[in-house]
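Participant: Using the sequences and the hints, build the whole thing.
Going by this note's numbering, the sequence shown opens with residue 137, and the numbers climb by one from there.
The hints are simulated quantities; they were obtained by calculation from the structure and are not laboratory data.
Watch out, some of these pointers could steer you wrong.
Each computed BS3-like pair below joins lysine-lysine, with the alpha-carbon atoms no more than 27 Å apart [as the list claims (entries may be wrong)]:
{"id": "1", "residue 1": "Lys172", "residue 2": "Lys192"}
{"id": "2", "residue 1": "Lys308", "residue 2": "Lys161"}
{"id": "3", "residue 1": "Lys277", "residue 2": "Lys172"}
{"id": "4", "residue 1": "Lys192", "residue 2": "Lys256"}
{"id": "5", "residue 1": "Lys211", "residue 2": "Lys161"}
{"id": "6", "residue 1": "Lys190", "residue 2": "Lys202"}
{"id": "7", "residue 1": "Lys211", "residue 2": "Lys346"}
{"id": "8", "residue 1": "Lys144", "residue 2": "Lys346"}
{"id": "9", "residue 1": "Lys190", "residue 2": "Lys211"}
{"id": "10", "residue 1": "Lys256", "residue 2": "Lys277"}
{"id": "11", "residue 1": "Lys310", "residue 2": "Lys277"}
{"id": "12", "residue 1": "Lys172", "residue 2": "Lys346"}
{"id": "13", "residue 1": "Lys172", "residue 2": "Lys190"}
{"id": "14", "residue 1": "Lys346", "residue 2": "Lys324"}
{"id": "15", "residue 1": "Lys192", "residue 2": "Lys310"}
{"id": "16", "residue 1": "Lys310", "residue 2": "Lys346"}
{"id": "17", "residue 1": "Lys211", "residue 2": "Lys192"}
{"id": "18", "residue 1": "Lys188", "residue 2": "Lys161"}
{"id": "19", "residue 1": "Lys144", "residue 2": "Lys192"}
{"id": "20", "residue 1": "Lys188", "residue 2": "Lys144"}
{"id": "21", "residue 1": "Lys172", "residue 2": "Lys188"}
{"id": "22", "residue 1": "Lys144", "residue 2": "Lys161"}
{"id": "23", "residue 1": "Lys308", "residue 2": "Lys346"}
{"id": "24", "residue 1": "Lys202", "residue 2": "Lys144"}
{"id": "25", "residue 1": "Lys324", "residue 2": "Lys202"}
{"id": "26", "residue 1": "Lys144", "residue 2": "Lys324"}
{"id": "27", "residue 1": "Lys161", "residue 2": "Lys346"}
{"id": "28", "residue 1": "Lys202", "residue 2": "Lys277"}
{"id": "29", "residue 1": "Lys310", "residue 2": "Lys161"}
{"id": "30", "residue 1": "Lys324", "residue 2": "Lys310"}
Listed next, with one range per pair, are the computed distances between beta-carbon atoms [stated by the list, open to error]:
{"id": "31", "residue 1": "Leu233", "residue 2": "Leu300", "range": "24 to 32 Å"}
{"id": "32", "residue 1": "Lys190", "residue 2": "Asn352", "range": "39 to 47 Å"}
{"id": "33", "residue 1": "Asp270", "residue 2": "Glu317", "range": "44 to 52 Å"}
All values reported here derive from a predicted model rather than from experimental measurement.
The beta carbon of each residue, even a glycine, is placed where N, CA and C say it ideally should be.
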Amino acid sequence: MKLYQVRKGQFVYFNNELHKVYGVKPMYKLSIHLIKLRDLTQHITNAVSVEKYKPKELDSFVFNHKAYTLSRDRKAAAGDYILIHNPMPDSLDTYTLNEIELVESSDNHGVITSNSHGVKHNEYMLMVPGRSADSNRIDYKDKVSFEEESLSDGEALTVDSDLLPSLGDIYKMKDQHSSFESMVVAIKDQTVYLGGGLELTLEELLNTEKWEFQYNLLDK
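Facilitator: Structure (structure tokens):
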């Protein structure tokens, strides 16, 4: 189904690959901001170029270079990833549709995630590492053109630890029309937070064609 009213959090197919909508800016021609689940790269497009998909149990897909299968067979435990497909946050929580979060603790009532969200057990599906034998691969809409992952299931992206960003690092955007610089103010899992409210994936910030490390403010 083509989307003309796009909602943050929806799973969609764009250029045949599975993405998630992380932002909608209706005032712009390219109003739909996407993140490709396979490698967490960011893309922008318009509403008529995406097609909605509603994830369900036994669907499998690659998230950040690792394959997972959605399951309701057991409750999540510490260290598991969950997909929040039925969000019902209370006044203290801010999670939204189809957020993927890491579980820090679990009890009979629900789980607490690494983002300090309290999620009830009926709000999520468990992301079980690997692909179950009866799983439905949803990485691509056109399954005829489905290609095996270049990385084996469970193989993660590795980066030299010396190149990883740290608090106080100043990065400059490589744009001939801009001299924008910003400082790393927080890092959580694969997300880097820059001053001014800018959020980037680790992979995007380390793309030397887009960003250039300048210095660390703490070393000055």
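Participant: Against the structure, test the hints numbered earlier, and report the numbers of the ones violated in rising order.
Facilitator: Checked against the structure, the hints that fail are numbers 5, 7, 10, 11 and 15, while the rest are satisfied.
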